[in-house]
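Chains as they are written, first to last, in my numbering: chain A, 1 to 304; chain B, 305 to 570.
Treat the hints with care, as some may be off.
[Said to hold, decoys possible] Among chain A residues calculated to face chain B with C-beta under 8 Å, some are:
id, residue
1, Lys-53
2, Pro-57
3, Tyr-81
4, Pro-133
5, Pro-148
6, Glu-161
7, Arg-165
8, Val-169
9, Lys-172
10, Glu-227
11, Leu-242
12, Ile-263
13, Pro-274
14, Gln-278
15, Gln-289
Hints in this document: simulated from the structure, not taken from any laboratory.
Keep in mind that this is a model prediction, so the values were computed, not measured.
Note that CB positions come from ideal geometry on N, CA and C, so glycine has one too.
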Amino acid sequence: MKVLGVAYEPRDAGELLRAASSLNAEFHILAAGRAAENAEEVSKYASKAYILKTKSPYSIFKAVESLVKQEGYKLVIGEGYRNLRDALSRVAGSLNMPMATDAYSLEVSGESVVVVRGFLSERARMKVEVPLPAIVLFTQRFTEPAEPLGHGSIVELKPEEGPERVVEVKPKAVGEVNLEEAEIIVGVGRGFRSKEDLKLAFELAELLGGQVGCTRPIAADLKWLSEDRWIGISGKRVSPKLYIAVGISGSPQHMSGVQNARIIVAVNKDKSAPIFKQADYGVVADLYQFLPVLIRKLREKLGR
Amino acid sequence: MDVIAVLVKASLNPDVIRVEPDGSIDVKSIPLKISDIDRNAVEEAVRLKQKLGWKLIAVSVATWGPISARMKDLKLAVQEALAKGVDEAIVVADDSITPGDQLTTAHAIKTALEREGVRPKLILAGEATIDEVSSQVPGRLAALLGYNYISFARRLEVEGGKVIAERDLEDYVEVVEAPLPAVVSVTQEINDPRPPTLLQIRRAARKPVKTVTSSELGGLEKPRRRILEVRGIQVKRKQVILEGDSLEEIAEKLIEALVKEGVLRL
Numbered sequence: 001m002k003v004l005g006v007a008y009e010p011r012d013a014g015e016l017l018r019a020a021s022s023l024n025a026e027f028h029i030l031a032a033g034r035a036a037e038n039a040e041e042v043s044k045y046a047s048k049a050y051i052l053k054t055k056s057p058y059s060i061f062k063a064v065e066s067l068v069k070q071e072g073y074k075l076v077i078g079e080g081y082r083n084l085r086d087a088l089s090r091v092a093g094s095l096n097m098p099m100a101t102d103a104y105s106l107e108v109s110g111e112s113v114v115v116v117r118g119f120l121s122e123r124a125r126m127k128v129e130v131p132l133p134a135i136v137l138f139t140q141r142f143t144e145p146a147e148p149l150g151h152g153s154i155v156e157l158k159p160e161e162g163p164e165r166v167v168e169v170k171p172k173a174v175g176e177v178n179l180e181e182a183e184i185i186v187g188v189g190r191g192f193r194s195k196e197d198l199k200l201a202f203e204l205a206e207l208l209g210g211q212v213g214c215t216r217p218i219a220a221d222l223k224w225l226s227e228d229r230w231i232g233i234s235g236k237r238v239s240p241k242l243y244i245a246v247g248i249s250g251s252p253q254h255m256s257g258v259q260n261a262r263i264i265v266a267v268n269k270d271k272s273a274p275i276f277k278q279a280d281y282g283v284v285a286d287l288y289q290f291l292p293v294l295i296r297k298l299r300e301k302l303g304r
Numbered sequence: 305m306d307v308i309a310v311l312v313k314a315s316l317n318p319d320v321i322r323v324e325p326d327g328s329i330d331v332k333s334i335p336l337k338i339s340d341i342d343r344n345a346v347e348e349a350v351r352l353k354q355k356l357g358w359k360l361i362a363v364s365v366a367t368w369g370p371i372s373a374r375m376k377d378l379k380l381a382v383q384e385a386l387a388k389g390v391d392e393a394i395v396v397a398d399d400s401i402t403p404g405d406q407l408t409t410a411h412a413i414k415t416a417l418e419r420e421g422v423r424p425k426l427i428l429a430g431e432a433t434i435d436e437v438s439s440q441v442p443g444r445l446a447a448l449l450g451y452n453y454i455s456f457a458r459r460l461e462v463e464g465g466k467v468i469a470e471r472d473l474e475d476y477v478e479v480v481e482a483p484l485p486a487v488v489s490v491t492q493e494i495n496d497p498r499p500p501t502l503l504q505i506r507r508a509a510r511k512p513v514k515t516v517t518s519s520e521l522g523g524l525e526k527p528r529r530r531i532l533e534v535r536g537i538q539v540k541r542k543q544v545i546l547e548g549d550s551l552e553e554i555a556e557k558l559i560e561a562l563v564k565e566g567v568l569r570l
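So here's chain A without its partners, still in its complex pose:
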């Protein structure tokens, strides 16, 4: 069986190789986006790497469509970046293929693929079976990268221009953050009494090399922080190694956004707050008293 992995960031290549390696398949990579700027690196993870220097979903759609048609890939895998959701949903429509997104794991059994995926806004897992050929998009960072294989061949493809024209590209304004990438996140909630007081959380996050996220009221109602920091069902879904929830009660709407955090710490003065049942480590204390102590202790130990 031939499997095509569509890499968008360079690290995707190793992760997709790990997913494919259990399938006993011939594995090739199509690198687009930032992955295409690292052709040498990406080519270490497949026997063949197609390089497509573009982020355009239309161009990625056309390239994958023609590779599937010409090379007979039975399974196309990738991670759930917005441009890949866009491009591969169009491939799925055009070639009439089933597609599963938000996948955590994948097995091939005979002529079909069994996928476990996020469902009901990440509050449930759904196990589904779809016939091959199929497309599967994993959640970002669903696994650790595999070891490189050596050097595969590199084939550069020319992106096909689409009818959609990019007029302007703007980096997200300073202050906008990328919580999906953060390894440590300090989350703030209504336990903070004013916008100025959030500086405690920012100080802690900076000390740990992390980012600050927040609950819905902080971003949407009080507008103390921008919406790109809003974590939860209608905000971002994050998967840091460490999530420190400060002054957060632990509503399901918020907690569904941090379900994939490895370790959750809760600081809340209300010992009956639901957050403590959803945390690994709980500190029952007033955040205004505890955070300064924690910050001081960390400064001592980190020598900063």
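Since the structure of chain A is provided, determine the placement of chain B on it from the hints.
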């Protein structure tokens, strides 16, 4: 008259999940509601309809059966869109395509539009629905219809036969334009949808809703996805409450625990 279509889904409501003692979830026990992001799509479609003077229709395909038990929820979702300013609605409801998948839904929308003789210049949808969260249907539909597709729009304008949109991507924003006809999926940042007023709801009851079955549409693609199992996520956290004589001691214990877990490096 030119037409805008907006896609509306009666989605499983993730806020009302009942997990059985064995961890399983019976999706038949979960009520349906209009997907939150569809409200943004409807709000935007109504705004454009008023600006352009086009006709606005909603298309809804029932994904979750049995239809007889779901009809009330399906109607409520569509009624909300009608109350907000949609002129008429087409609902595809047939047990032969439930539980549906995105392949089926996209085909059903295309078929229903064609059967009705409607060729919208613009089709709006939410970036994803709150149950599946897969963002597939708009892209599939665009490919099936041969329309241009702009995804994840947080701002949208229609001018001189083209759409101009601001696409919200992970780490940047891009302004794109594409000629009509086009499918556009919108994010929740695009507007702030208000609930319909009582008067709007009352008026909506008189608007035409056409409910069609698979055979009335000349047959539909059957779902290819088989759902083997749905399970609630069991949160297995350690739930250790750190205690001590002073906050200093608790802070020490916390730092020690985080180092041991390998999530903090000193």
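Query - Hints not upheld, ascending by number - result: 1, 4, 5, 6, 13
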